[in-house]
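J.: The lines below spell out each chain.
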Amino acid sequence: MDEFQEILQDFLVESFELVEKLDEDLVELESTPDDLELLNGIFRVAHTVKGASSFLNFDVLTHLTHHMEDVLNKARHGELSITPDVMDVVLESIDLMKALLNTIRDTSSDAGIDVSECVVKLDKISGGDGDVPVVEATPVVEEAPVEVVEATPEPQEDEIDYDNMDADEIEAEIERLLAQRQEEDKAKRAAKIAAGEKLPDIPSESGDEASSKPEAKAESKPASAPVATTPKPKATSKPKETKSSADAKAAAPAKRAPAQVEQTIRVDVKRLDHLMNLIGELVLAKNRLIKINDDVEERYEGEEFLEELNQVVSIVSLVTTDLQIAVMKTRMLPIGKVFNKFPRMIRDLTRELNKKMELEISGEETELDKSIVEEIGDPLVHIIRNSCDHGIEQPEDRIEKGKPEIGTIKLKAYNEGNAIVIQIDDDGKGLDPDMLKNKSLEKGIITEKEADSMSDKEAYNLIFKPGFSTAASVTNVSGRGVGMDVVKTNIEKLNGIIDIDSEVGKGTSIKLKIPLTLAIIQALLVGVQEEYYAIPLSSVLETVRISNDEIYTVENRSVMRLRSEVLSLVHIGDIFEVDRILDTSEYSYVVVLGLGAQKLGLIVDSLVGQEEIVIKSLGDYLKGIEGVAGATIRGDGGVTLIVDVVALMQIAKGVKASAATAQASVAQISNEKTQASDYKIMIVDDSKTDRMIMRKALDPLGVTLIEAADGQEALNILKSGDHNFDAMLIDIEMPRMDGYSLASEIKKYNKYKNLPLIAVTSRTAKSDRMRGVESGMVEYITKPYSSDYLSSVVQRNVNFKSEFL
Amino acid sequence: MSDKLKQIINKQSEQQDVGLDQSEDIVQLVGFIIGEEEYAVPILTIQEIIKPISWTRVPQTPAYVLGVFNLRGSVIPLIDLRVKFGLSSKNHNDETRFFVLKQGDEVAGFVIDRLTAAIRIKKTDIGPPPDTIASEDSMIEGVGKQDGRILTILKVNKLLARDF
Chain A
1 MDEFQEILQD FLVESFELVE KLDEDLVELE STPDDLELLN GIFRVAHTVK
51 GASSFLNFDV LTHLTHHMED VLNKARHGEL SITPDVMDVV LESIDLMKAL
101 LNTIRDTSSD AGIDVSECVV KLDKISGGDG DVPVVEATPV VEEAPVEVVE
151 ATPEPQEDEI DYDNMDADEI EAEIERLLAQ RQEEDKAKRA AKIAAGEKLP
201 DIPSESGDEA SSKPEAKAES KPASAPVATT PKPKATSKPK ETKSSADAKA
251 AAPAKRAPAQ VEQTIRVDVK RLDHLMNLIG ELVLAKNRLI KINDDVEERY
301 EGEEFLEELN QVVSIVSLVT TDLQIAVMKT RMLPIGKVFN KFPRMIRDLT
351 RELNKKMELE ISGEETELDK SIVEEIGDPL VHIIRNSCDH GIEQPEDRIE
401 KGKPEIGTIK LKAYNEGNAI VIQIDDDGKG LDPDMLKNKS LEKGIITEKE
451 ADSMSDKEAY NLIFKPGFST AASVTNVSGR GVGMDVVKTN IEKLNGIIDI
501 DSEVGKGTSI KLKIPLTLAI IQALLVGVQE EYYAIPLSSV LETVRISNDE
551 IYTVENRSVM RLRSEVLSLV HIGDIFEVDR ILDTSEYSYV VVLGLGAQKL
601 GLIVDSLVGQ EEIVIKSLGD YLKGIEGVAG ATIRGDGGVT LIVDVVALMQ
651 IAKGVKASAA TAQASVAQIS NEKTQASDYK IMIVDDSKTD RMIMRKALDP
701 LGVTLIEAAD GQEALNILKS GDHNFDAMLI DIEMPRMDGY SLASEIKKYN
751 KYKNLPLIAV TSRTAKSDRM RGVESGMVEY ITKPYSSDYL SSVVQRNVNF
801 KSEFL
Chain B
1 MSDKLKQIIN KQSEQQDVGL DQSEDIVQLV GFIIGEEEYA VPILTIQEII
51 KPISWTRVPQ TPAYVLGVFN LRGSVIPLID LRVKFGLSSK NHNDETRFFV
101 LKQGDEVAGF VIDRLTAAIR IKKTDIGPPP DTIASEDSMI EGVGKQDGRI
151 LTILKVNKLL ARDF
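Same order as they appear, the protein sequences are chains A and B.
Just so you know, we're using this note's numbering here: the first sequence kicks off at 1 and counts up by one.
Just so you know, we're using this note's numbering here: the second sequence kicks off at 1 and counts up by one.
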């Protein structure tokens with residue numbers, strides 16, 4: 001059973017691949033019905049699927065493909081011309097074939113789909129003019145349909161013939177057949193099938209395999225049939241005849257180029273995923289190495305080994321990057337895989353909608369990550385259907401407008417930086433912004449006020465709103481009012497952006513911009529207070545620095561003017577619940593996020609830079625946190641959260657608090673000193689006596705004093721945020737964390753940039769003073785000192801108001 | 001010399017036998033302190049115990065979820081058991097540890113005040129939790145008594161279950 005499953009898997013993989021190509025070929029065939037090469041190719045697909053399915057006992061599928069094969073066989077012998085009507089039936093049968101394959105995949109059986117109607121149609125076509133005895137083969141083919149199921153006995157007789165021969169005779173027979181076959185040219189091949197010692201033809205093959213496997217095995221011995229999927233009985237002759245084809249292609253007509261060994265292997269996607277994960281780890285380690293290298297460089301400047309270290313680090317980082325690209329490439333598939341189904345779709349729509357349309361595809365070789373290729377199909381179907389249905393006009397309308405009768409839809413893909421762009425252009429009637437606005441008003445999607453202030457571009461984006469449909473009548477092609485909405489969500493899921501442009505009467509152009517891969521992305525790191533967040537760079541349009549008075553408040557929301565647009569703003573701290581402790585900076589950084597059609601300005605405290613990050617999940621315990629797409633590990637080993645831009649846009653809508661005013665009020669509260677005790681000063685010294693002395697010196701001022709016994713404790717008090725300190729008096733010599741380290745730790749926090757740190761120490765050397773300045777101390781008081789001196793230094797640094805004295 | 005060696009080996013094997021005999025009704029736990037009380041979890045559910053390292057806050061989580069930290073390349077949630085058990089949070093000190101518990105695919109780090117010891121306790125010494133707090137949702141597996149001290153044994157699956 002396991003073996004069967006394995007064969008079944010291979011069969012399915014192969015069949016789906018073949019069928020995928022079939023659609024495209026068939027549509028092409030309709031335009032060039034005389035292309036024998038193409039016909040042969042299509043025929044081979046039907047044949048291969050038939051051969052394999054009969055081997056696996058899928059009778060319904062075999063039955064269907066067999067009849068398809070008949071029709072195609074006639075066509076390639078020129079007995080049948082491919083008219084659109086014929087093509088309709090063939091396409092229908094291919095659809096059935098797909099449905100059957102899907103059923104097989106899901107249930108391991110092909111029951112439950114009725115193919116008889118389609119088979120009758122196929123028969124009609126192949127029987128209609130099949131009597132013309134152009135080639136001797138015709139009778140055989142004619143006979144075939146009847147035989148499919150009952151064919152079993154006849155081929156068995158054939159086999160008995162073979163069985164009665166001994167090995168030598170068979171060898172001789174093979175030799176003879178081989179020689180014969182080589183002599184005959186392609187046109188007569190079919191004739192030879194009938195003539196040449198009753199070589200089992202197509203139907204008998206299916207019968208054989210289904211019913212007489214044991215015999216088949218015995219028989220195939222002398223010929224040493226090499227491939228498992230090769231139908232056994234005919235293996236005696238066939239593998240030698242057409243070595244190039246591993247599958248059942250005995251009747252394959254064209255003598256194909258000699259054995260073309262495929263230079264590919266199939267790899268389980270899971271293994272590639274695993275490999276990708278490992279590369280991810282490596283990228284993280286590389287980032288870390290680079291950071292360490294920088295630190296070492298700083299500390300041991302000028303040392304000789306540095307150069308060597310530098311070299312190693314750059315080699316490692318280079319190779320890692322190459323490796324990452326290489327592995328990413330193994331996961332890449334050409335987008336053609338998705339594009340392939342569209343010619344067929346356009347063809348169907350052309351007939352269904354009575355329009356004349358043409359599809360031009362370019363850039364189908366552009367490659368994308370497998371997971372994205374899988375996701376992109378549906379959105380594209382929706383967009384193209386929409387263009388066909390709503391975009392392209394009826395032929396008579398087009399002629400009236402002086403356009404070519406046949407509408408053109410252009411589908412192209414190309415790379416742009418780290419992203420791929422898929423562009424869908426049509427030369428239809430275009431989008432009318434006013435019409436879109438009216439429609440949206442009618443449906444209550446937008447308010448009148450919104451409609452008035454809407455630009456054309458914004459109006460185009462209305463088609464992506466849920467519940468919007470521009471088609472007056474609902475057709476089964478599009479117009480159920482869900483399509484474009486789905487498109488938007490799907491593209492956004494892939495971190496993609498949709499851009500839409502249109503001109504009334506000229507056509508519409510939709511651009512999808514999608515990142516190449518999902519696992520490792522480029523991100524912009526931003527800081528807010530002491531936290532950092534990573535924003536996927538694909539969603540970042542630009543960053544701007546604005547002064548705080550450029551932020552306006554409209555309807556309780558912050559906005560700014562960005563060139564000609566009004567951009568709504570939200571502070572990242574409001575979204576991620578960051579306690580905003582006073583920030584006196586009069587400038588803000590705004591990261592302009594673009595997602596599909598939406599734009600949003602995200603205010604952050606600082607911009608750190610661009611970095612390549614590996615997306616890691618937060619695990620089950622923390623999954624589904626709004627606004628967080630995952631986490632990544634930074635070069636310093638810390639964890640940084642990745643912003644989920646889609647969710648962020650949603651959350652931002654609910655955030656009313658104006659970032660700017662909130663900030664201002666916080667600043668005011670903390671700055672306002674109404675009495676002396678509003679001033680808070682921390683004394684950090686490990687000696688209780690020294691703390692006492694300082695306390696004595698400052699008590700007369702009436703300020704609030706808080707004591708800490710060492711640097712660590714001081715830092716914890718500071719971090720707890722219970723107090724807003726106006727200054728700190730710091731001893732240098734302390735256990736656990738000394739004054740210098742404390743000062744540099746404190747200065748790491750944005751909010752403490754302006755907190756005055758005053759060193760109070762018995763160290764008097766100049767070098768100590770220098771270190772103090774380096775670590776961020778503003779004053780340096782050496783012990784012993786007078787109370788008045790200490791008091792005056794503190795007063796100066798906290799801007800002590802003289803009225804409190 | 002060789003006699004001595006033999007003796008030692010014999011002795012060791014005897015001890016092992018004794019260990020095996022008891023293993024059926026002995027549970028191995030690791031005890032730790034949170035606030036004033038001693039708690040314990042089965043030793044096999046502990047992936048590792050580490051000294052506190054830095055972590056990253058995660059927004060929109062309850063107060064007892066401190067955030068996430070990096071454990072050799074994995075991003076793991078960090079939960080403060082003090083806060084979870086209704087105590088006020090406390091600054092980390094030299095005795096603070098991160099307990100990394102694992103069950104199936106679920107992994108999380110828990111902040112505890114102090115580690116006590118690995119404990120071998122007879123199953124018979126473990127009683128059910130008091131009736132007043134015994135319920136499906138309770139985090140308490142049972143109460144162990146040993147040498148006059150009382151251990152609250154916690155359900156690891158409950159600790160690792162997301163409850164927000």
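Rather than coming from a laboratory, the hints here were simulated on the basis of the structure.
Honestly, I wouldn't trust all of these hints.
What the hints assert, rightly or not - To be clear about the criterion: a stretch of chain B counts as covered by chain A if any three or more of its residues have a C-beta under 8 Å from a C-beta of chain A, and this derived list gives those stretches:
1) 39 to 49
2) 61 to 72
3) 94 to 108
Here a beta-carbon is modelled for each residue, glycine too, at the ideal position from N, C-alpha and C.
J.: For each hint, tell me whether it holds in the structure or not.
T.: Evaluation of the provided hints:
By the rule of at least three residues with a Cβ nearer than 8 Å to a Cβ of chain A, the coverage given for the region 39 to 49 of chain B is violated, with 0 such residues. Coverage of the region 61 to 72 of chain B by chain A holds in this model, with 6 residues showing a Cβ closer than 8 Å to a Cβ of that chain against a need of three. With 4 residues having a Cβ less than 8 Å from any Cβ of chain A, the region 94 to 108 of chain B passes the three-residue criterion, so the hint holds.
In summary, the structure is inconsistent with hint 1 from the numbered list given earlier, while agreeing with all the others.
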